Structure formats: structure tokens, C-alpha cells
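Take these sequences, add in the hints, and give me the full structure.
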Amino acid sequence: MQMPTVFMLAGILMLSAVVPVSAAEPPVWNYKKDFLAALIKQVPRVLKSQDKATGRFGTGIWIVTDQNVIYPLAAAWSFQDPTNPYYHNPEVLAAIMAGGDALIDAQDANGKWVFRKKDNSTWGDIYMPWTYSRWIRAYSLIKDAMPPERRARWDKALTLGFNGISAHEFSHVQNIPAHHAMGLYEAGKVMNHPEWCAQAASFMQKVVAEQNKDGFWSENLGPVVNYNYVYVDAVGTYYAMSGDKAMLPALERSARFHANFTYPDGTCVETVDERNPYHDAVVMPNVGFSFSAEGRGYMQQQWQHKQNAHQEILADTLASFLLYGQEGPIAPTPAQLNHHQSVLGAADALAQREGPWFACLSAYHTPVPTNRWIQDRQNFVSLFHDRTGLILGGGNTKLQPLWSTFTYGDTNLLVHKEGDEQPNFLPPPGLLHVPSAARLDPTNLTLGLTYGPAQCSVHLDLIDPQQARLVYAVEHLPEAPVAAHLTFLPHLGQRWQTASGKSGTLGPQPLHLTAEEAGAWFEHNGWRVSLPPGSSLIWPVLPHNPYRKDGHAEPSEGRIVLVLPFSQGVLRHEVTLQIL
Numbered sequence: 001m002q003m004p005t006v007f008m009l010a011g012i013l014m015l016s017a018v019v020p021v022s023a024a025e026p027p028v029w030n031y032k033k034d035f036l037a038a039l040i041k042q043v044p045r046v047l048k049s050q051d052k053a054t055g056r057f058g059t060g061i062w063i064v065t066d067q068n069v070i071y072p073l074a075a076a077w078s079f080q081d082p083t084n085p086y087y088h089n090p091e092v093l094a095a096i097m098a099g100g101d102a103l104i105d106a107q108d109a110n111g112k113w114v115f116r117k118k119d120n121s122t123w124g125d126i127y128m129p130w131t132y133s134r135w136i137r138a139y140s141l142i143k144d145a146m147p148p149e150r151r152a153r154w155d156k157a158l159t160l161g162f163n164g165i166s167a168h169e170f171s172h173v174q175n176i177p178a179h180h181a182m183g184l185y186e187a188g189k190v191m192n193h194p195e196w197c198a199q200a201a202s203f204m205q206k207v208v209a210e211q212n213k214d215g216f217w218s219e220n221l222g223p224v225v226n227y228n229y230v231y232v233d234a235v236g237t238y239y240a241m242s243g244d245k246a247m248l249p250a251l252e253r254s255a256r257f258h259a260n261f262t263y264p265d266g267t268c269v270e271t272v273d274e275r276n277p278y279h280d281a282v283v284m285p286n287v288g289f290s291f292s293a294e295g296r297g298y299m300q301q302q303w304q305h306k307q308n309a310h311q312e313i314l315a316d317t318l319a320s321f322l323l324y325g326q327e328g329p330i331a332p333t334p335a336q337l338n339h340h341q342s343v344l345g346a347a348d349a350l351a352q353r354e355g356p357w358f359a360c361l362s363a364y365h366t367p368v369p370t371n372r373w374i375q376d377r378q379n380f381v382s383l384f385h386d387r388t389g390l391i392l393g394g395g396n397t398k399l400q401p402l403w404s405t406f407t408y409g410d411t412n413l414l415v416h417k418e419g420d421e422q423p424n425f426l427p428p429p430g431l432l433h434v435p436s437a438a439r440l441d442p443t444n445l446t447l448g449l450t451y452g453p454a455q456c457s458v459h460l461d462l463i464d465p466q467q468a469r470l471v472y473a474v475e476h477l478p479e480a481p482v483a484a485h486l487t488f489l490p491h492l493g494q495r496w497q498t499a500s501g502k503s504g505t506l507g508p509q510p511l512h513l514t515a516e517e518a519g520a521w522f523e524h525n526g527w528r529v530s531l532p533p534g535s536s537l538i539w540p541v542l543p544h545n546p547y548r549k550d551g552h553a554e555p556s557e558g559r560i561v562l563v564l565p566f567s568q569g570v571l572r573h574e575v576t577l578q579i580l
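End of the sequence shown sits at 580 in the working numbering; the numbers just go up one at a time, nothing left out.
Read the hints as simulated data drawn from the structure, not as lab findings.
In this text the structure is predicted, and so the values were computed from the model without any measurement.
A few of these clues could be false.
[Claimed, not checked] Label-pair restraints from in silico Cβ distances: (1) R495 / G164: 31 to 39 Å; (2) T59 / E91: 17 to 25 Å; (3) I61 / G164: 21 to 29 Å.
Cβ atoms here follow ideal geometry from the backbone N, Cα and C, with glycine treated the same way.
Structural data, given as C-alpha cells:
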């Protein structure tokens, strides 16, 4: 199904959510009434997911984060409103207490839990930050209604965990320690440990000090995008708990960053993200965005995308908005503009809106990290159209040189061996798949990339509303082979066809077509790409997934890759992308 040609928020906003004001003042968004109704709707489903015998929530293999739902249940139980049937509801209170008891039963002697995933893989023992912060917030809401002996048991278990967190979890600034600091601050308030509050407040000053002036945090070089929301959630929730106004400038900067680096359909721009590839889900901002007009404007934009797609906001997110969120004026977002460019740093990256097109070019580059969580900065171009969604790009990975915008050398030298849980992520001699230098020209939408002796470039020309042109070039051909790669987003179950008449339905089956076999073009999901002579198409080109122990990936995570080899007679390839 194709998306609407134009994503316009004006005129489709739900009237109940916006309060009209005078023409000289921005509109005010009062969202809590709608968000309370959304939370109330989810409570029965959450309650039904609990095993009454064990207190455990969820389905399938039990993992500790299944218990995180005690927090939204506690929000529903504590939020007094005439429309809320769960206010001080005894069944809800009993479910919360049983859920916390299950956490105590699973703790080890240090207060840690086994870090288990739904595939039953285990990743050691952990003070699970997402669970501890929700447990203490739930406790803060229900503790006065708990029987004394049960409250004492919770108090002892929470003290055990937060003592461990205080002692061991703040060696450096990163998303997990930031979240721990927010939880520790709340624990200090609730359990009368002022030293915890002081420690958390001091650490949060370090967190905001490490934010880039353009509104993002980095865990190696350049932005994290998906994990940036984790930082914003921690900082924003801490601000709501503490009133520490030193947090506000960081929250405002992050709101601007995300508003600029979100595609017009509400999905995150992945091109600049050092940790995560593209995901096609609309991301709902968290409570940290509610403390500025720009943040609330971005919240409302994303909420409307969720409404249009009939997607729920997580109960957890709704709970935080109800308990900590700030209503108020909203500011317009860049998504409402037909022409807009946002540049990060000294031309480190850009997001360009041009009519129905949205492009991102990144010049962030760094040597290959050996850390599985930090991806190789290898894929520098993404291109989105309102009718089709994201077409080209998809972000970064590891052990997959065919995802690189250019390569110098033999791409067969770097592969992920099936089942390898501890791979060597460094490329062997004979291959360069990340550049040593990058130069971005925002005016001409041109990116220069250096791979050893190979000086490469890619130029983007948004010709008209239905057509774009990409030019990939190398100045001269060194001894080793040089190739460009265009990574196209797959849509499994959708048809593909070629100029030569070949066609099929995209599935898990491999596809390898030369330009001679396919003819002048290949089309899929409402777009058509020209195939230069000598080029070839490969599907599926799979990434390394760091969130699975063995790194394996499914076909849906792969890319359709157009390979453009260079030769002494061909130093330039021009590719046309047409919207059908």
C-alpha cells in the first residue's frame, strides 16, 4: 500500500487535543485526557497477561523486563480522574504487588537478574536499568497502600538493587548509566537516601555536559538516534522528578535534532545513527520532549502518525506522560515545510527536504570499531519519497561490505561466519569498506569519500518531484577494484520486475541479476531504478545483527544491493530513480 503523497499535519489534528488561541499565540496541546483514555484501554490486556500463580507477566519465555508493566499499572491505579475506573482498584494493586514479588523471587544475592532474551539467549547478570527504574516508580505510587510486611520486603529488595547500582554503574556516561541515574534519584527520594539523590544529580550534570551542541549524544563518533531517545527519557524524567532546570537546554536541543532527523512518515533517519539500522516503525517521543514547544510539536506530529496508522502508544510511554509530562504551546516542525535543510556540525551531515523528497547525506566516518554495538560507518546516503517511504539507504552494519557506499578491494574477504558469536570485526588486508576521510558539500548535495588511494564521490540531484539522479564516481582507478553500492529497502511479498520482462515476488529466495539480464531498469514498491551497463543486483544482502548472539539476520533485515563496478573505461556511473 502506498503512502499519501503529502504528509500534512495541519487540518488533520484531532480537534479535542488542541486549544484555540489568538492568532498571535501558538496553539496549546492538552494531551493528557487522550493519553489517559489510551492507557485505560490497555489495562485489561496487561492484567490478562499475568500468571496469577507466579506474578509474572508476558508470554513465551519469561524475561525480567516483562515485569516493566507494573509501572503503567501503577500509573493507572494512582491517577485520579472521573473517567478512570482503575483509580485505587484492588485488582490492579494486587497485580502490581504480585509483579514486584516476582522480581524479588528472581533476584540474586547482589540484586541482579539474569539478562535473558525472548530467544532464551543469556547475556550475563545485570542490574536491569529499565526494570529497576520502573519498579521504584511503581513503588513510589503504591507503597502507602501496601501491607506492612510486603512493603518491607519490597523495601529490602529495592535497597539491595540500588545499593549495587550506586556502587557499580556510574563509571562513564552512556545511555544505561543515564537511565540508572534517573532511577537512583527516584529511589533516593522515595526511600530517604539523600546521598543517592546527590550522586544521581551530579551524574546527570555529566550527562548533559556530554551532549553535542546539535542535540545528540554519541557513544563513539557522531549521533546515536534511536538510543538518543533513551538519553532524553532519562534526562526528562529526572527533570520532572527534581526540577533541575540545568536539564532544559539539553532537552530543547534534542527536540530540534529529532524533529530535523525524522522522515516525513515519522520513522527515524538511520543514516547518521552509529548503532541502529533503519526500522519502519513510527517512534513516539517520550516525556522528555514535553518540556518545550518544539518538543511538544514533534510529539504531536508523531502521535498523529501513530493515529493515522492505527498504532497504539505503549502503556509505559503513556504512563510517563500522565505522571510527569508538561502540556502547553506547540511549535511547528520541519516536516510541515516543502523546502528545508538542516546541517549538523561543520557539514558533518545534512537532512534535506525538497518537495516530496527527503534526503540525508552523512560525512561521519571513523575506523572500524571492534565493539559489536557500534556499527561501521559505511553507508552515507539515504533517500525517501512521500509516496513510497524510504527507498535507498537503510543504515550501517558490520561484516557486510556490500552495505558500503564504496569499497576498495575484495569484498569477499569480510564475511560473517554462521554461528560465530565472537567474530573479529576488523577487515583483513586487501579491503577498505569505510573511508578515511569524508567531505560534505551541503550546497551541491555532494559527498567526497577517501578509501586509501581511491578518491570517490556521490552527488545527489533531486531533479523533479518524481525523479532523482545519483552520480557515483572515482577520480582514477587504483590497482585494487573499486565499486559503489546502492542499498535499497526490500518489501517482502511485493512484486519486482525488470525491463527485460523478468519478474517475481520478493521473498527469501536469492536473486542475482546482471544489467544484461535485467535490461535498462529494475522496479519494486513503486520506484524504478536505472541499471548502468556492467552493474548487477543482489538479494538478500544480510547484515550482522548485534542483538542476536550469533549475529544472524532474517531476509527482512537485508537489502537489495545494486553493485556498480568501476573500470579504466568507466569512472562514473549515473543512476536515475523514478517514482511510478
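Range hint compliance [Cβ, T59 to E91, 17 to 25 Å]
Given about 20 Å between the Cβ atoms, the range holds.
Confirm or reject the claim that R495 and G164 have a C-beta distance inside 31 to 39 Å.
55 Å, violated
Taking the Cβ atom of I61 and the Cβ atom of G164, is their distance within the range 21 to 29 Å?
25 Å, holds
Against the hints set out earlier in the document, a violation occurs for number 1 only.
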